[in-house]
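Protein sequence lines, in the order shown, are assigned to chains F and Y. Sequential numbering of the first sequence, starting at 1, is according to the numbering used here. Sequential numbering of the second sequence, starting at 1, is according to the numbering used here.
It is worth saying that the hints were derived from the structure and are not from the lab. For glycine and all other residues, C-beta sits at the position ideal for the given N, C-alpha and C. Keep in mind that a hint or two might mislead.
[As the list claims (entries may be wrong)] SDA-like mimics (lysine to any residue), calculated; alpha carbons at most 25 Å apart, straight line: (1) K9/Y - V51/F; (2) K348/Y - G321/Y; (3) K9/Y - D56/F.
[Claimed, not checked] Sample of chain Y residues facing chain F (criterion: CB under 10 Å; computed from the structure): (4) R8; (5) G20; (6) L102.
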Amino acid sequence: MTEHTQFRVMDFDCPTCASTVERALKQTKGVEHVEVHYTTGRVEVEYDSDVADPADFETAIENQGYTPQPA
Amino acid sequence: MDIQQYYRKHRKAVVTATSGLLYVGGWSLGYVTAFDTASAGILVLAAVIGGYDIAKVAYHEVRSRTLGIKTLVTLAAFGAIGIGEYWEAAAVVFLFSLGSYLEGRTMRKTRTALQELLELAPDTALVRRDGEQVEVPAREVEAGEVVIVRPGEMIPVDGEVIEGESAVNQAPVTGESAPVHKASGDDVYAGTINQEGALEVRTTGAGSDTTLQRIIRRVEEAQEAQSPTESLIDRFATYYTPAIIVLAVGAFAVTQDALLSLTLLVIGCPGALVIGPPVSIVSAIGNAARNGVLMKGGEHLEQAGKIDLVAFDKTGTLTRGETTVASVQGFGQDTEDVLRLAATAETKSEHHLAGAILDAARGLDDTTDVAADGGAVIERTGIPDPDDFEVVGGKGVVARHDGREVVVGNRALLEEWDVALPDEIAGYVREREAQGETAVHVVLDDDVIGVIGLRDELREVAPGVIQALKDAGVRTVMLTGDNERTARAVAERVGIDDYRAELLPEDKQTAIEAFREEGHVVAMVGDGINDAPSLATADVGIAMGAAGTDTAIETADMALMADDLERIPYAVTLSRATRWNVIENVSIAVLTVTLLLAGVLTNYVHLAGGMLVHEGSVLVVIINGMRLLRY
């Protein structure tokens with residue numbers, strides 16, 4: 001089942017940092033589509049709920065040094 | 001507060017401050033020759049504490065095969081320690097931490113500017129269910145349910161007032177600071193504040209289906225959409241960073257100077273160049289939203305910054321859009337009979353001029369309120385229906401009543417029906433038109449028996465708005481379907497530069513195309529519904545009073561949520577300020593990078609200095625862009 005979830009990352013400090021988070025999320029298992037918006041801090045993830053767990057996405061964002069918040 | 005929680009929340013600040021203190025301590029010790037080793041130790045400690053989080057991210061960057069600035073900074077710090085430049089290592093780590101902490105903090109401010117609006121909407125609503133009042137989560141209120149809003153409370157849903165009367169502060173939605181009077185039948189919006197009386201509201205939308213939510217979604221989409229400048233820079237950046245790496249490797253091969261190459265890597269992140277324009281645009285869009293102006297996106301904002309001609313549709317824009325009968329003159333007939341006869345002919349017409357004539361005719365005999373229960377029901381018996389009726393598009397109506405022919409319309413209609421216009425009446429008509437009225441002839445069986453003058457009052461603020469635009473160096477033009485004389489009178493009163501009269505709707509589009517061909521960047525202001533084609537033709541279409549109409553919000557390049565003409569000069573000058581702000585930020589960034597590269601290659605700028613200037617320039621463009629939040 002494809003599902004959609006959103007986070008807010010308010011502390012992105014540069015656009016390239018936002019794109020590294022985007023790439024990290026894309027490499028997370030079960031993720032089908034990712035969009036990270038530097039300007040608004042919005043992170044959108046489409047994923048296969050049989051494979052991935054939204055908690056994994058939070059870890060991936062934290063690994064890049066940012067704090068995800070529920071949107 | 002729990003100390004652990006506090007630390008987690010402010011980790012970046014604490015780490016940066018610690019590393020900064022150690023850095024200053026180690027550096028000072030370095031001046032005392034006896035403590036050389038201690039100084040080196042403290043500086044390395046500063047680099048390790050400040051750099052731990054950076055290195056951790058760098059590890060993940062490398063693992064996901066991306067080359068980010070954190071990898072470059074980590075490399076530079078290790079490299080500097082490796083060649084014994086402890087001071088450089090500590091400085092580069094500390095400056096980077098400080099810079100990114102401040103950048104994250106300021107960007108958070110920009111990002112939350114809009115979120116504050118969202119948090120305004122209340123979480124719960126008082127709903128009448130099965131005769132009882134129950135408190136439920138606002139998003140669970142269903143369409144059709146009645147919500148009770150007490151004075152001083154925020155309205156939790158979109159809906160229509162069915163009971164009560166109050167003043168509502170609509171600033172969160174429309175940006176208007178003055179409260180708006182609301183009574184039965186009026187629309188209210190979630191997030192607005194009920195100031196005086198209790199209201200009962202029949203819900204039309206709740207949760208994510210409210211005007212406020214739609215506005216916020218629109219604004220976010222607008223902020224996320226890239227402007228042409230941003231896409232250009234992004235394309236440039238994808239080549240820039242690899243080019244710098246090649247340059248760094250090349251420089252090392254030639255000079256064998258590791259520090260030089262590391263410095264090149266550190267300033268290899270395009271920084272200010274990629275950050276500046278988005279910050280300007282996001283700040284401007286956020287500021288506009290809080291003032292009740294929705295911008296469709298950076299592209300439109302950049303375009304709007306070049307506006308040098310604003311065309312106004314007259315009716316409902318420069319004027320209030322409430323046409324009333326200003327004068328009635330009978331020629332060989334009683335004035336009241338002229339009005340009644342005209343009303344009869346117009347009964348079935350849906351034209352806005354017809355509505356004004358009908359209202360005036362009803363006013364003649366509304367002495368008796370026929371509603372027995374004292375309600376506001378007025379029986380419309382005063383005006384008989386015509387036996388036969390035909391609309392002549394753009395000219396008037398022709399009706400038959402009691403076996404007589406009644407023609408009500410403009411001069412073109414008289415010509416079409418071969419009705420002679422005596423000089424005396426023609427003179428009177430010219431006089432009314434010179435007053436800015438629209439004159440309508442009333443003809444009974446081929447004789448002009450009277451003239452009705454209709455007027456749509458100018459908005460009080462209109463002359464001031466036109467003057468403000470002129471002061472900003474913008475040409476102003478009024479487009480109207482009125483005849484030449486009426487148009488000229490209105491144009492003079494409002495002080496507008498130019499006008500185009502007797503335009504059919506499609507002529508307005510042609511007029512705008514003509515202005516564009518003359519090389520103007522044209523904004524068209526209209527109500528967003530009737531003027532949709534001309535708004536689309538203009539470079540920037542500005543819809544007024546969009547709060548209730550989703551189509552206007554969706555289609556216009558800019559939508560003024562309130563019916564407030566005074567937002568136009570604001571929107572035009574804000575766009576212009578934004579365009580300059582973007583240009584400033586790009587210039588600052590390009591200049592900095594050029595100077596930095598030149599400085600590094602000529603050995604004037606080293607690792608720490610390069611980092612300082614790099615981070616400094618990023619902060620400068622962010623702060624410059626954020627000025628637009630307070631514009």
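Report task. Any hints from earlier that this structure breaks? Give me their numbers in increasing order, please. Result -> 1, 5
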